[in-house]
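Novice: Sequence:
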Amino acid sequence: MSKRVVLTSLVGAAAVAGVAVAGIASATAPSAPTVDNASARFLPPSADTGGTFAFAADVADDSGVKSLKVLAWPNSSDLKPTAEEMEHAENAACERVDDEKSTCAYTLPVSGQEAEGMRKGDWTISVLLTARDGEKKFVPEATTINIDF
Numbered sequence: 044m045s046k047r048v049v050l051t052s053l054v055g056a057a058a059v060a061g062v063a064v065a066g067i068a069s070a071t072a073p074s075a076p077t078v079d080n081a082s083a084r085f086l087p088p089s090a091d092t093g094g095t096f097a098f099a100a101d102v103a104d105d106s107g108v109k110s111l112k113v114l115a116w117p118n119s120s121d122l123k124p125t126a127e128e129m130e131h132a133e134n135a136a137c138e139r140v141d142d143e144k145s146t147c148a149y150t151l152p153v154s155g156q157e158a159e160g161m162r163k164g165d166w167t168i169s170v171l172l173t174a175r176d177g178e179k180k181f182v183p184e185a186t187t188i189n190i191d192f
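Just add 43 to wherever you are in the sequence shown, counting from 1, and you've got my numbering.
Source of the hints: derived by calculation from the structure; they are not laboratory data. As the structure is a computational prediction, the values presented were derived from the model and not from experiment. No false leads were slipped in.
Cβ-Cβ distance ranges computed for the label pairs, FRET-style:
id, residue 1, residue 2, range
1, Leu122, Glu159, 19 to 25 Å
2, Glu138, Asp191, 27 to 33 Å
3, Ser74, Lys123, 23 to 29 Å
4, His131, Ala90, 32 to 38 Å
5, Ala136, Gly93, 16 to 22 Å
6, Ala75, Glu157, 34 to 40 Å
7, Glu184, Glu159, 22 to 28 Å
8, Asp191, Thr125, 24 to 30 Å
9, Ala75, Thr125, 17 to 23 Å
10, Thr150, Ala90, 17 to 23 Å
11, Lys163, Glu133, 19 to 25 Å
12, Arg175, Glu133, 17 to 23 Å
13, Leu122, Asn80, 21 to 27 Å
Below, simulated SDA-like cross-link-like pairs (lysine to any residue); rule was C-alpha separation at most 20 Å, straight line:
id, residue 1, residue 2
14, Lys163, Phe192
15, Lys144, Val78
16, Lys144, Asn80
17, Lys109, Gly177
18, Lys180, Asp142
19, Lys123, Lys179
20, Lys163, Gly94
21, Lys163, Pro152
22, Lys179, Ser110
Ideal Cβ positions, reconstructed from N, Cα and C, are used throughout, including at glycine.
Make the full structure from the sequences, and use the hints.
Specialist: Below you can see the structure in the form of structure tokens.
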């Protein structure tokens, strides 16, 4: 076998090994918690039924999802909650899709009296995702909704 063929074979083998090692490393590297597809809706109360505020999102982390805290606030309030303040917000109900992913939903009943006291206009929904390994992801503006009824 010529030296050129041996050298070419060694270079090719090294390239394949490098790609394989990089692939294994990226497959096992921990991923940060994510919040995707966040959406919200508001159904105002009627004379016959109460209203609801609903929020949903797809969440994930390589260690699994422990909790998702949700807080809706009117933009006109300039509230702008912090990650630390979000620790005291209400929990969404999360349904596990697989080892890493969950779908979370939060529903808040709204009475006629509560709706009358709500500020009209744009509201922001902030969330705090906590993974099973303790890692957190704060999303100050997961989505917005306009409340005008």
